[in-house]
Amino acid sequence: MKIEEVIRTVNQMKADGIITNYAIGGAVGATFYLEPVSTLDVDIFIEVQAEAGSSIISLDSIFSYLRERGCTMEGEHVVMSGWPVQFLPPTGPLIEEALGSAVEVDVEGMPARVFTAEHLAAIALQTGRAKDKARLLQFIEARALDLSSFEAIVAKHGLAQQWQRFQKQFLSS
Amino acid sequence: MAEISETIPQFMSFNFEQMAASKQALRRRLTALPIAEKLRLLDGLRERALVIRGASDQQRIKAQEQSPDYGKK
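If you read the sequences in order, they're chains A and B. Per our numbering, residue 1 is the first one in the first sequence, and the count goes up by one each step. Per our numbering, residue 1001 is the first one in the second sequence, and the count goes up by one each step.
These are calculated hints, taken from the structure and not from any lab test. One or more of the hints may lead you astray.
[To be verified] In silico EDC-like cross-links for lysine to aspartate or glutamate, where the CA-CA straight-line distance does not exceed 16 angstroms:
id	chain 1	residue 1	chain 2	residue 2
1	A	Lys2	A	Glu108
2	A	Lys2	B	Glu1037
3	A	Lys131	B	Asp1069
4	A	Lys133	B	Asp1069
5	A	Lys2	B	Asp1069
6	A	Lys156	A	Glu97
7	B	Lys1023	A	Glu108
8	B	Lys1023	A	Glu35
9	A	Lys2	B	Asp1043
[As the list claims (entries may be wrong)] Label-pair restraints from in silico Cβ distances:
id	chain 1	residue 1	chain 2	residue 2	range
10	A	Glu5	B	Asn1015	40 to 46 angstroms
11	A	Ser61	B	Arg1040	26 to 32 angstroms
12	A	Ala155	B	Arg1040	33 to 39 angstroms
13	B	Thr1031	A	Met110	32 to 38 angstroms
Just so you know, even glycine gets a beta-carbon here, dropped at the ideal spot from N, CA and C.
So here's chain B without its partners, still in its complex pose:
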């Protein structure tokens, strides 16, 4: 365990309350960004999602979500 601890950088913390608070703060910062910037982030997130899916150029376009049944309930 001591050996593992030595490999963890000093700035890392396992204080879960602190981690949750930090995550919340990040989400608030992202929410507060100008809308144009958030839309650009969506562009980037989609690009990344497609890369992760390992899709070829042809398959990229086909990576779509299943549509919900809007108004059918």
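Chain A extracted, bound-state conformation:
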């Protein structure tokens, strides 16, 4: 069970033209900036091109590529190197921007593309589950965010009210 093998496979998918680009998000993405926190799956955000003559994005090519390499499907996840992995096409402007702004990090000689800390924090604010709020708090407490850049993203994507509520709930003493 190794996340590094998942990243290696996703890099290979990019090299083979199965996906145009990718970025790691969720708890695994946050681990690039924070202390590791237990998670059960890996969120990989992907850029894929719609098939010629269609505006619909299909993930079939991804699944058949991975099946050929011994991966199995479990619901909405693909099990790769023991990890359930979810491939997520962008579902809104914030994720699209996060994918475009993702940074490449060296993992012992292997490249890994990851959302910026500010985008991970903004996505956590947007998704808004208890664990997402806890993650946002972690980013703030660890001083892992460029706050002006984060607040610009928050404003641009209409999350100012959520941010105000969050500050009132968790940051005012």
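With the hints as your guide, set chain B onto chain A.
Frame of chain A; chain B shown alone:
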């Protein structure tokens, strides 16, 4: 109470400020680890979480989190 105190090792402290500071220091150390090491810790944490859940081999794969509604708000 005295009997209970005797069972507590000498090095343990109930100074909560000290405990909070020590916890913060540990979190900073974990954050500063090389990324490859942190990813290996995630592997270990998942293994442990699955053991705690008491899942059988077949159920292990099915232990997944509910996905957030990315971008739907």
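Verification of the supplied hints:
1. A:Lys2 x A:Glu108: 14 angstroms, holds
2. A:Lys2 x B:Glu1037: 11 angstroms, holds
3. A:Lys131 x B:Asp1069: 13 angstroms, holds
4. A:Lys133 x B:Asp1069: The given pair, whose Cα atoms are some 14 angstroms apart, holds under the 16 angstroms limit.
5. A:Lys2 x B:Asp1069: Violated, at about 26 angstroms.
6. A:Lys156 x A:Glu97: 11 angstroms, holds
7. B:Lys1023 x A:Glu108: 28 angstroms, violated
8. B:Lys1023 x A:Glu35: Roughly 12 angstroms separates the two Cα atoms, so the pair holds.
9. A:Lys2 x B:Asp1043: With Cα atoms ~6 angstroms apart, Lys2 of chain A and Asp1043 of chain B stay inside 16 angstroms; holds.
10. A:Glu5 x B:Asn1015: 40 to 46 angstroms: 44 angstroms, holds
11. A:Ser61 x B:Arg1040: 26 to 32 angstroms: 31 angstroms, holds
12. A:Ala155 x B:Arg1040: 33 to 39 angstroms: Cβ of Ala155 of chain A to Cβ of Arg1040 of chain B: about 38 angstroms, so the range 33 to 39 angstroms holds.
13. B:Thr1031 x A:Met110: 32 to 38 angstroms: 21 angstroms, violated
Consistency note: the structure conflicts with the earlier hints numbered 5, 7, 13.
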